Amino acid sequence: DAGITQSPRHKVTETGTPVTLRCHQTENHRYMYWYRQDPGHGLRLIHYSYGVKDTDKGEVSDGYSVSRSKTEDFLLTLESATSSQTSVYFCAISESGGLQETQYFGPGTRLLVL
Amino acid sequence: DAKTTQPPSMDCAEGRAANLPCNHSTISGNEYVYWYRQIHSQGPQYIIHGLKNNETNEMASLIITEDRKSSTLILPHATLRDTAVYYCIVRVALSDMRFGAGTRLTVKP
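Same order as they appear, the protein sequences are chains A and B. For the first sequence, my numbering assigns the number 114 to the last residue and increments by one with no breaks. For the second sequence, my numbering assigns the number 223 to the last residue and increments by one with no breaks.
Rather than coming from a laboratory, the hints here were simulated on the basis of the structure. There could be a bad hint or two in this list.
Which residues of chain A face chain B? A partial, calculated answer using Cβ under 10 Å [stated by the list, open to error]:
1. G3
2. I4
3. P8
4. Y33
5. Q37
6. G42
7. V88
8. A92
9. T102
10. G108
11. R110
It should be emphasised that the depicted structure is a prediction, and the values quoted were computed from it without experimental measurement. Glycine included, each C-beta is placed from N, C-alpha and C at the ideal position.
Could you build the full structure based on these sequences and the hints that come with them?
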């Protein structure tokens, strides 16, 4: 299994509070991704990074920001959490962004916004 | 962009081959077909991927039709631990993989 950890694994927070999720990899892969998974929607891409300090938006980026100051860490921040952001969040990594490049996923973070 | 269609659920007897179909009739020439699975609420697990040719690895085989409009994932000897949701995905962009609803495979003793 790819060396990917996510923290925290579970979190309960209140509407309006900031939340930061962390993804850490030990594979030295260039690309990192944040997805959310909701019933009926499959996995949807939030943001991705193609290098240190290089990030771009995905399909559902509104309300989220990201940062990558080191190759191994990719942070996802909910500036002001809303109930619609209750979801399971998955981090993924890949060596490059090519269509033939496999993405490997972390164990996920369950976030509940009350 | 290419979309995939999979049956919502399938059953398979333990020890038998599980054949999971996927339709991707609008796939473009340079788009890869990927298969992942998700066991309970764990992170998606990579299984196999291919472009045109059939592929095999230690987990499964992938059969892609000559016109590339459909594919089949084959688990040669299904076990109870293969019970999971299986996703067929077509890469539509360099940094995006769109997971649909998948097929819930139940392996029965």
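Quick rundown of the hints versus the structure:
Look at G3 of chain A: its Cβ only gets to about 13 Å from chain B, farther than 10 Å, so that hint breaks. Interface hint at I4 of chain A: satisfied, since its Cβ lies 8 Å from the closest Cβ of chain B, which is below the 10 Å cut-off. Hint status for P8 of chain A relative to chain B: violated, with the closest Cβ pair at about 15 Å, above 10 Å. Against a cut-off of 10 Å between C-beta atoms, the interface hint on Y33 of chain A holds, since the closest Cβ of chain B lies about 7 Å away.
Evaluation of the Q37 of chain A hint against chain B yields a held restraint, the C-beta minimum of about 8 Å falling below 10 Å. Using the Cβ-Cβ criterion of 10 Å, the hint placing G42 of chain A at the interface with chain B is satisfied: the shortest such distance is roughly 4 Å. Given hint, V88 of chain A at the interface with chain B, holds; its Cβ is 7 Å from that chain's nearest Cβ, closer than 10 Å. For the restraint placing A92 of chain A at the interface with chain B, the shortest Cβ-Cβ distance is roughly 8 Å, inside the 10 Å limit, so the hint holds.
Given hint, T102 of chain A at the interface with chain B, holds; its Cβ is 5 Å from that chain's nearest Cβ, closer than 10 Å. Taking 10 Å as the C-beta contact cut-off toward chain B, the hint placing G108 of chain A at the interface holds, the least distance being around 5 Å. Residue-level restraint check for R110 of chain A holds (minimum Cβ-Cβ distance to chain B is 8 Å; threshold 10 Å).
The structure fails hints 1, 3 (numbered hints given earlier, in ascending order).
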